Amino acid sequence: MSLVAAELERHGIATVAIQLLRVAAEKVRPPRALLVPYRHGFPLGRPDAPELQHTVIEAALRMFEKTNAAKPQLSKFVEDSD
Amino acid sequence: MAELGDFSLKHRLFLKSYPWRRIDPVPRTELTRPLAECRLALVSTAGFVRPDQEDFDPSVRGGDPSWRAIASDTPVSSLVDTHRSETFDHRAMCQDPNLAFPIDRAHELVARGRIGSVNQQHLSFMGSITAPGRLIRDSAPAAARVLRKDEVDIALLVPV
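If you're matching them up, the sequences are chains A and B in order.
The opening residue of the first sequence carries number 1 in this note's numbering; numbering runs sequentially from there.
The opening residue of the second sequence carries number 1001 in this note's numbering; numbering runs sequentially from there.
Bound conformation, chain A alone (with noise of 0.2 Å):
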C-alpha cells in the first residue's frame, strides 16, 4: 500500500495511509502514515461505528494540514476513551 502512496505522490496526489503495522511504516517509509492502535481486520476501528471511523480519517486528514512535516510523516492515532 505504501508503494502506491508513493506513486500516487509522484504524480501529484497528495496520500495518507492508515498503518497498522509499526515497522511496515519504519522500514517502508509511506509519505505520510497515522499509526493506529487497532489489529488487522479493523483498520478503522471497530464496525458500525461511524464517528470512530470519522474521527481515525479526521486525525489522517490533518496531517494534509500539517506544513514543514518531516519527510516520511508518521503520526499516532489515539482513541479517547471517553
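I should point out that these hints are in silico values taken from the structure, not numbers from a laboratory.
Because the structure is a prediction, the values reported are computed rather than measured.
Quick reminder that beta carbons are idealized off the backbone N, C-alpha and C, glycines included.
Misleading hints may appear alongside valid ones.
[As the list claims (entries may be wrong)] Partial list, derived from the structure: chain B residues whose beta carbon lies under 7 Å from chain A:
id, residue
1, Ile1023
2, Asp1089
3, Leu1099
4, Arg1137
5, Pro1141
6, Ala1144
7, Ala1155
8, Pro1159
Assemble chain B onto chain A, guided by the hints.
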C-alpha cells in the same frame, strides 16, 4: 497498533524476513488548496470487489498486483471480500466494509464540508503482496494516472 509480537510464530518469522521495499527518496505532494476544495479518492488493500467484477487471483505467485475501480455510488454493503490472507479476522470488515473501504464516510465528509468532493471512482487492491515488482512497475503507475486524470487531489489509503 500491531507489533510483531502480536502475530503467530509463523507470521513473525515471515514478517522478520519480509523484503520491505524502502521508499527513498520519499516523494511528497503538498496541498495547493484547502481540504474543503479537494477531491478525495480512496485506495484500499482489503481486496474488495463488486459482485460483477472478477475476484483477485489467489494463484498469482507473490500476490495479484491488479486493481479494481469501485464506483463511488457503489453500495458499500455490496462489496465482496476476496482477500486471501488468513492472518486476520475477516468478519468485521464483511459486516461493515466501511471499516476498510470507507465509501460512506467519504460522502459524509463532503456533506460536512470537510472535503470538496468524492472522486467518481476508488481503487481496490489486494494486500499481502510479497513480490511487488509488477505492482511498482505497472499497476501503481497506471492507477496513479487514472486518479490524476480524474483530477484527484488527495487519497486516503486503507490497509486491512
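Results of checking the hints against the structure:
Interface hint at Ile1023(B): satisfied, since its Cβ lies 5 Å from the closest Cβ of chain A, which is below the 7 Å cut-off. Checking Asp1089(B) against chain A: minimum C-beta separation of about 5 Å stays under 7 Å; hint holds. With 7 Å as the threshold, the beta carbon of Leu1099(B) comes within range of chain A, its nearest partner Cβ sitting at about 5 Å, so the hint holds. At about 10 Å, the closest approach between the beta carbon of Arg1137(B) and any beta carbon in chain A exceeds 7 Å, and the interface hint on this residue is violated.
Hint on Pro1141(B) holds. Least Cβ distance to chain A is approximately 6 Å, under the 7 Å limit. Using the Cβ-Cβ criterion of 7 Å, the hint placing Ala1144(B) at the interface with chain A is satisfied: the shortest such distance is roughly 4 Å. Interface restraint check: Ala1155(B) against chain A, minimum CB-CB distance 5 Å, threshold 7 Å, status holds. Proximity of Pro1159(B) to chain A holds as hinted, the smallest CB-CB distance being about 5 Å (cut-off 7 Å).
Comparing the model with each earlier hint shows a violation of hint 4 alone; every other hint is respected.
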